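Protein chains in written order, with our numbering: chain A, 1 to 112; chain B, 113 to 223.
Calculated from the structure, these hints are not laboratory results. Keep in mind it's a predicted model, so treat the numbers as computed, not measured. Please note that a few of the clues may not be correct.
[Unchecked claim] Pairs of lysine-lysine, DSBU-like flavour, derived with a Cα cap of 30 Å:
{"no.": "1", "chain 1": "B", "residue 1": "Lys210", "chain 2": "B", "residue 2": "Lys180"}
{"no.": "2", "chain 1": "B", "residue 1": "Lys210", "chain 2": "B", "residue 2": "Lys154"}
{"no.": "3", "chain 1": "B", "residue 1": "Lys154", "chain 2": "A", "residue 2": "Lys80"}
{"no.": "4", "chain 1": "A", "residue 1": "Lys80", "chain 2": "B", "residue 2": "Lys180"}
{"no.": "5", "chain 1": "A", "residue 1": "Lys79", "chain 2": "B", "residue 2": "Lys210"}
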Amino acid sequence: SQTIHQWPATLVQPVGSPLSLECTVEGTSNPNLYWYRQAAGRGLQLLFYSVGIGQISSEVPQNLSASRPQDRQFILSSKKLLLSDSGFYLCAWSLGGNSPLHFGNGTRLTVT
Amino acid sequence: KQEVTQIPAALSVPEGENLVLNCSFTDSAIYNLQWFRQDPGKGLTSLLLIQSSQREQTSGRLNASLDKSSGRSTLYIAASQPGDSATYLCAVRPGTDKLIFGTGTRLQVFP
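Pulled out of the complex, with its shape left as it was, chain A reads as follows:
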């Protein structure tokens, strides 16, 4: 069966520091991969999605970037964090088409 791993679970970082969140999927190949952010009191915002290695689509202009160095690995990065980057970051995968979306357990990021 397929599983998705996301780490770390929580992270406290100072403003201006770099960020790297990692997500891996097991038990499937060539998944579509997604990064979402959930801010307090707001809905889920799609940040990036990828349909293949090296293929990244950005949904919102921001201080974050994403990379997909391997088929089942998706990384969310920032060179310099802002206070507004605080939130709950969720990685997700699907097999595309009409298949369901499955989420990881999320990373709670607090920028101080």
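We have chain A already, so just place chain B on it with the hints.
Using the frame of chain A, we list chain B on its own:
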């Protein structure tokens, strides 16, 4: 632009009640609709996926219906239990690889 709305935003019911959560979307051109559950501080758990050609899906005490023409979906929870307490989100797939989410209904079931 597709917009997804969930009403009510919050709901508190006694254990054992049957309840209905509502989801509406503005553009009926969707491939599917998915219902999720989110416990506090956790990721989302997929509950039910309804394809655009389907009218409903059932899993245990959960039943989700879809009326594309009216832009509505409902999630029916039978015989609610305290363990059903969570936030329930619906999301539509508008023909691309991206889902558009509603803001959720926070459900509390008290003993």
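Hints and how they fare:
| no. | hint | result |
| --- | --- | --- |
| 1 | B/Lys210 to B/Lys180 | holds, 18 Å |
| 2 | B/Lys210 to B/Lys154 | holds, 21 Å |
| 3 | B/Lys154 to A/Lys80 | holds, 26 Å |
| 4 | A/Lys80 to B/Lys180 | violated, 44 Å |
| 5 | A/Lys79 to B/Lys210 | holds, 26 Å |
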